[in-house]
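Model the full assembly from the supplied sequences, consistent with the hints where possible.
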Amino acid sequence: MSNKSALNVRKVAPADPRIARSTRALGAALVELMLEEKFDNITVQSILDRADVGRSTFYAHFRNKHDVLHTSYERMFGWLEQQMDVSAGAGVRIAPVAEFAAHLADAEPLLDALRTSGQLQQISELGVDFLAGIIERHIRSIPGSNPPVPASLVARMLAGALMQMFEWFGERRASATPAQMDAMFHSLARTWLLRASYEPVS
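Numbered by this note's numbering, the letters in the sequence shown go through residues 716 to 917 in order.
For the record, the hints were derived by calculation from the structure and aren't laboratory data. One should not assume that every hint holds.
Quick list of simulated restraints, FRET-style, between CB atoms [as the list claims (entries may be wrong)]:
{"hint": "1", "residue 1": "Arg852", "residue 2": "Ser902", "range": "19 to 27 angstroms"}
{"hint": "2", "residue 1": "Trp907", "residue 2": "Thr758", "range": "41 to 49 angstroms"}
{"hint": "3", "residue 1": "Tyr774", "residue 2": "Thr892", "range": "39 to 47 angstroms"}
{"hint": "4", "residue 1": "Glu752", "residue 2": "Pro865", "range": "38 to 46 angstroms"}
{"hint": "5", "residue 1": "Lys753", "residue 2": "Ala894", "range": "31 to 39 angstroms"}
{"hint": "6", "residue 1": "Gln895", "residue 2": "Ile734", "range": "35 to 43 angstroms"}
{"hint": "7", "residue 1": "Trp907", "residue 2": "Glu752", "range": "35 to 43 angstroms"}
{"hint": "8", "residue 1": "Gln797", "residue 2": "Phe884", "range": "21 to 29 angstroms"}
{"hint": "9", "residue 1": "Phe884", "residue 2": "Glu752", "range": "27 to 35 angstroms"}
{"hint": "10", "residue 1": "Ala894", "residue 2": "Glu752", "range": "30 to 38 angstroms"}
It should be emphasised that the depicted structure is a prediction, and the values quoted were computed from it without experimental measurement. Beta carbons: idealized from backbone N, C-alpha and C, even for Gly.
Pasting the structure below:
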């Protein structure tokens, strides 16, 4: 089950450019601080000081530092989806696996900080939520499908499998390129989608 309620997150409404810059600055400041100290030790004031953003601006859009973390990852997954070229390669791409794998490879210090701070599990759960949304949007766009299995359920299962795949490679320090991981996931996903009567998928 998602841990969103535990994080007590607030959805940030679409903002004008100035507000968008401020929220991005707050997210960047939090990431910088997480590389320096434990998440539990980071205060809202330290985020404000690092981002050079006023307290009133912060509380107009966020309740706490968990909101900032959630919104930063939501923005990241939105960017990953934009980068995904659904027409690239063989078959239908339903998730930005290669893009996400490349991002994770560049984010090892942050992942270590999240792990040390005990936040990695919560972020992984958020990752499943975001990936499930991306996958559901893409499998719903597959033409000619009349599946008996709900798209939201299939998407959730595939998102969970994708996160487990990333964890498997991370735990074993196994070597695979982002493109190889993308191919592995989509090979499995096509089999699942065919079994769930999502056709055509290639």
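Evaluated hints:
no., hint, in the structure
1, Arg852 with Ser902: 19 to 27 angstroms, "holds (21 angstroms)"
2, Trp907 with Thr758: 41 to 49 angstroms, "holds (44 angstroms)"
3, Tyr774 with Thr892: 39 to 47 angstroms, "holds (43 angstroms)"
4, Glu752 with Pro865: 38 to 46 angstroms, "holds (43 angstroms)"
5, Lys753 with Ala894: 31 to 39 angstroms, "holds (35 angstroms)"
6, Gln895 with Ile734: 35 to 43 angstroms, "holds (40 angstroms)"
7, Trp907 with Glu752: 35 to 43 angstroms, "holds (41 angstroms)"
8, Gln797 with Phe884: 21 to 29 angstroms, "holds (24 angstroms)"
9, Phe884 with Glu752: 27 to 35 angstroms, "holds (28 angstroms)"
10, Ala894 with Glu752: 30 to 38 angstroms, "holds (36 angstroms)"
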